[in-house]
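Chemist: The task is simple: from the sequences and hints, build the whole structure.
Residue numbers (numbering that gives the first Met the number 0), protein chains in the order written: chain X, 0 to 128; chain Z, 0 to 128.
One or more of the hints may lead you astray.
Any copy, or any two copies together, can satisfy a pair, since identical chains are not distinguished.
Said to hold, decoys possible - No farther apart than 25 Å at their CA atoms in a straight line, the calculated lysine-lysine pairs in the BS3-like style are these:
# : residue 1 : residue 2
1 : LYS73     : LYS42
2 : LYS42     : LYS97
3 : LYS97     : LYS19
4 : LYS51     : LYS19
5 : LYS97     : LYS73
Simulated from the structure, these hints should not be mistaken for lab results.
Here are the chains, one letter per residue:
Number of protein chains: 2
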Amino acid sequence: MPSEHEILAMERQALERWCKGDPLGFLEISAPDVVYVDPYSPKRLDGWPSLKSYYENFRGGVNGATGFGLIDPKVQEWSDTAILTFVFTYHGGRDDGKRWNCVEVYRRTPSGWRIMHTHWSIAQATLAS
Amino acid sequence: MPSEHEILAMERQALERWCKGDPLGFLEISAPDVVYVDPYSPKRLDGWPSLKSYYENFRGGVNGATGFGLIDPKVQEWSDTAILTFVFTYHGGRDDGKRWNCVEVYRRTPSGWRIMHTHWSIAQATLAS
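Modeler: Below you can see the structure in the form of structure tokens.
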């Protein structure tokens with residue numbers, strides 16, 4: 000079995016911390032000039048300080064979720080770029096079973112892979128529910 | 000005034016064709032191994048042939064739209080990668096004024112910039128309406 004791509008392992012670790020109420024996992028692997036898009040933030044977030052302020056809203060956990068699913072991940076990689084696409088779902092809590100599309104664009108830097116772009120969106124199964 | 004980034008000009012041209020009912024504009028600038036995510040397709044689309052089949056559903060126009068807005072674009076570029084993030088809205092038709100988040104990841108190839116990843120999602124203003 001091929002080993003898991005490094006960015007997928009990084010994403011899992013950050014999500015594990017996220018679901019325990021610790022947004023620092025994502026902040027530690029995000030680039031200074033990261034760009035972030037989701038359906039709730041009124042505007043695109045440009046840069047690490049903006050993302051940090053936003054993520055602080057999620058410290059302590061998300062609606063009682065106890066875990067998550069990272070479904071059907073795909074990695075595209077070229078040069079020093081890797082894109083991770085997956086479906087995310089919370090286990091437990093108010094959002095149990097709702098599905099999200101998540102895309103992360105990573106850049107390989109001297110310090111390791113860093114997230115340059117995050118785009119979360121609500122997936123069909125959730126829109127229809 | 001700085002000139003517009005090449006991928007932004009390409010995106011505008013593809014959107015102009017899209018809004019006239021011609022999805023080929025996007026197909027012509029998408030890579031063979033493009034990945035596509037939106038809130039309506041039940042699954043992620045992997046590869047140009049899958050995207051072509053999907054885009055054929057939009058031939059002839061989208062709900063009577065007569066034009067579009069490409070709002071607040073941002074380009075991140077490094078090596079042979081460029082990410083375009085913007086808010087999209089239709090003018091006219093049934094979806095007039097609804098807002099979308101759109102992110103396109105382009106890769107520079109010997110043939111020019113090509114879309115490696117497209118992610119459309121419904122933006123807050125539309126979710127709330």
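Chemist: So, for every hint listed, does it hold in this structure?
Modeler: So, going through the hints one by one against the coordinates:
With identical chains, the CA atoms of LYS73 and LYS42 are at most 25 Å apart between copies only, with a shortest distance of 12 Å across copies and 27 Å within one. In this homomeric assembly, LYS42 and LYS97 come within 25 Å of each other (Cα to Cα) both inside a single copy, at 23 Å, and across copies, at 15 Å. Taking CA atoms no more than 25 Å apart as the test, LYS97 paired with LYS19 passes inside one copy only; the shortest distance there is 18 Å, against 35 Å between copies. Taking the shortest alpha-carbon separations for LYS51 and LYS19, only the intra-copy value of 17 Å comes in at or below 25 Å, while the best inter-copy value is 41 Å.
Taking the shortest alpha-carbon separations for LYS97 and LYS73, only the intra-copy value of 20 Å comes in at or below 25 Å, while the best inter-copy value is 30 Å.
In summary, this structure violates none of the numbered hints.
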